[in-house]
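*Asks:* Each chain, written out:
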Amino acid sequence: MATCTYGKTLLKIEDVSLEYDGRPILKHVSAEIRDIIRPDCVQGQVVGFLGPSGIGKTQLFRIIAGLNKPTSGRVTVNGQDLPVQAGQVGVVAQDYPLFEHRTVMSNLLLAAGQKEKDAKVAHDKVVQYLNDFALLDKARLYPVQLSGGQRQRCAIIQQILCSDHFLLMDEPFSGLDLLMLEKTTELIQKVANRDELNTIIVVTHDITAAAAVADHLWLMGRDQDATGNPLPGSHIVETYDLVERDLCWHPGIITHPRFLDFVREVKERFRSL
Amino acid sequence: MSEAINVLSPNRVISKQTLRWLVGFQLLLLFFIWVFSPTVFLPKPSEVFQALREMWMAGLGGELITSFYLNLQAIAISTVLSLLLAYLTVIPFFRPFVMLLSKLRFLSMVGLTFFFTLMATTGHELKLYLLVFSVSVFFVTGMAEVVAAIPKESFDLARTLRMGEWRVVYEVVVLGQADKAFEMLRQNAAMGWMMLTMVEGISRSEGGVGAMLLNQNKHFHLSAVFAIQLTILLLGLGQDYAIGLLRKVFCPYASLTLERK
Chain A
152 MATCTYGKTL LKIEDVSLEY DGRPILKHVS AEIRDIIRPD CVQGQVVGFL
202 GPSGIGKTQL FRIIAGLNKP TSGRVTVNGQ DLPVQAGQVG VVAQDYPLFE
252 HRTVMSNLLL AAGQKEKDAK VAHDKVVQYL NDFALLDKAR LYPVQLSGGQ
302 RQRCAIIQQI LCSDHFLLMD EPFSGLDLLM LEKTTELIQK VANRDELNTI
352 IVVTHDITAA AAVADHLWLM GRDQDATGNP LPGSHIVETY DLVERDLCWH
402 PGIITHPRFL DFVREVKERF RSL
Chain B
6 MSEAINVLSP NRVISKQTLR WLVGFQLLLL FFIWVFSPTV FLPKPSEVFQ
56 ALREMWMAGL GGELITSFYL NLQAIAISTV LSLLLAYLTV IPFFRPFVML
106 LSKLRFLSMV GLTFFFTLMA TTGHELKLYL LVFSVSVFFV TGMAEVVAAI
156 PKESFDLART LRMGEWRVVY EVVVLGQADK AFEMLRQNAA MGWMMLTMVE
206 GISRSEGGVG AMLLNQNKHF HLSAVFAIQL TILLLGLGQD YAIGLLRKVF
256 CPYASLTLER K
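Protein chains in written order, with my numbering: chain A, 152 to 424; chain B, 6 to 266.
FYI, nobody ran anything at the bench for these hints, they're computed from the structure.
Here the structure is a predicted model, which means the values were calculated and not measured.
It is possible that part of the hints are untrue.
To be verified - Lysine-lysine pairs mimicking DSSO-like chemistry, simulated, CA-CA at most 27 Å apart: (1) B/K108 x B/K185; (2) B/K157 x A/K266; (3) A/K178 x A/K163; (4) A/K418 x A/K178; (5) A/K159 x A/K220; (6) A/K178 x A/K159; (7) A/K266 x A/K163; (8) B/K157 x A/K178; (9) B/K157 x A/K220.
Said to hold, decoys possible - Estimated spans, in silico, between C-beta atoms of each pair: (10) B/T262 x A/H179: 43 to 49 Å; (11) B/R100 x A/D246: 26 to 32 Å; (12) B/A81 x A/D275: 39 to 45 Å; (13) B/L238 x A/D275: 52 to 58 Å; (14) A/L411 x B/E158: 35 to 41 Å; (15) B/A195 x A/G205: 43 to 49 Å; (16) A/P383 x B/A81: 54 to 60 Å; (17) B/E150 x A/D288: 35 to 41 Å; (18) B/V254 x A/H179: 52 to 58 Å.
We put the CB at the ideal spot given by N, CA and C, even for glycine.
Kindly produce the complete structure, drawing on both the sequences and the hints.
*Replies:* Right, here's the structure in full:
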């Protein structure tokens with residue numbers, strides 16, 4: 152089993168509830184992400200956030216990003232006492248939005264400039280990211296001129312440059328072929344492991360891909376009444392610790408029987424929601 | 006052969022050279038119809054060019070400058086006003102006002118003349134007010150629709166980049182829709198020329214091509230009418246091209262994904 156310890160709490164969801172017109176959408180959602188410390192390596196955090204369609208994942212996603220306010224409860228980051236504000240948590244939406252009227256370089260400089268006031272430092276940082284993510288030769292292109300993969304990388308860099316080490320990714324595996332799926336998984340790991348505090352929450356339907364990339368999984372669902380009918384208001388019904396199960400950070404883990412058993416276990420729980 | 010099939014098939018992309026051939030062919034066809042048309046109400050090209058020379062000698066150039074200056078002034082004021090009002094729709098307080106303004110496009114210009122006459126001190130001012138009003142009610146309607154159609158994701162993107170709400174407006178609404186604003190400007194500037202003749206007919210104190218056109222029309226000088234229309238058309242095409250060029254320079258991204266560039 153990989154040795155690691157847990158440091159400070161990086162992101163905390165405290166008793167978050169959300170109602171629309173008196174109808175509960177989220178009910179007492181609580182979870183936290185702590186810094187994973189591994190000796191002799193920089194280890195970021197990746198959480199896979201799973202749940203059936205229409206369960207309220209997007210609503211919680213928006214609350215974590217600071218884009219929506221919950222009816223009660225709060226989300227805090229980096230141990231701060233104030234609720235999360237938009238911009239502290241980066242968001243990479245499913246279609247990788249970028250400002251279409253700006254070039255790749257301009258998009259990234261804009262993001263970097265929001266956090267780094269020294270223009271030279273911001274520029275150097277952008278160039279370094281472009282270089283690391285093989286986008287330097289695309290710097291002068293407009294977003295519509297990029298391929299899907301290039302656009303995805305650009306959107307991730309833009310958000311990382313501006314946020315406080317947090318990144319929410321909405322369905323990053325959706326519609327990808329096997330090769331692209333592997334590349335995206337590698338990319339998420341690469342981004343997470345650039346900084347000890349980097350924390351990525353991946354919202355997805357793809358249980359296998361989520362388990363392959365994450366160190367923890369959150370499963371969102373609804374409670375059921377005695378007759379098996381779902382009760383209104385979702386919450387995190389299950390949390391899986393893949394570190395404890397020794398199912399993360401191993402290359403090629405997805406072909407291991409233990410991993411396949413685990414995915415089966417999660418799928419069965421998923422079906423029962 | 007395949008290019009010939011493409012020309013007559015839906016959603017086909019043709020080469021620039023083929024397009025040039027098509028334009029040339031259709032212009033020639035139009036000219037041919039014009040020359041050989043049996044109707045007596047359509048003056049022959051030679052008559053129109055003769056009339057054009059006479060009109061030019063009679064001061065068409067000067068009238069054109071008067072009209073062009075009036076139209077340019079009206080377009081500039083309408084653009085500033087309309088864009089400002091459309092951008093202000095991001096604030097709920099201004100939405101009903103802009104909505105109401107947009108409904109005024111159904112009003113007739115003639116019915117408004119008296120009201121604007123009371124406001125104006127000179128003929129030029131009256132024409133300017135009428136033109137600004139007529140163009141703005143359409144411009145603001147179109148542009149407000151553009152602003153309303155911006156997807157939520159664009160605003161969210163700006164917010165996740167730590168932008169305050171005014172900065173969000175500048176980035177997403179002003180800069181992000183600049184290409185559409187240019188397109189709106191192009192359409193409404195053309196409409197300005199269409200309304201110009203009407204406005205110059207209402208107040209003839211300064212002259213202008215509109216007044217000249219109405220005079221010729223009144224006396225049934227069809228060759229002169231065609232000559233003036235042709236001049237306005239050429240000037241309008243130049244204006245259209247110039248605005249299109251500005252759009253291309255300032256918003257080069259706008260045409261990158263189009264099938265027909």
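*Asks:* Which hints from the list above does the structure break, by number from lowest to highest?
*Replies:* Of the numbered hints, all hold.
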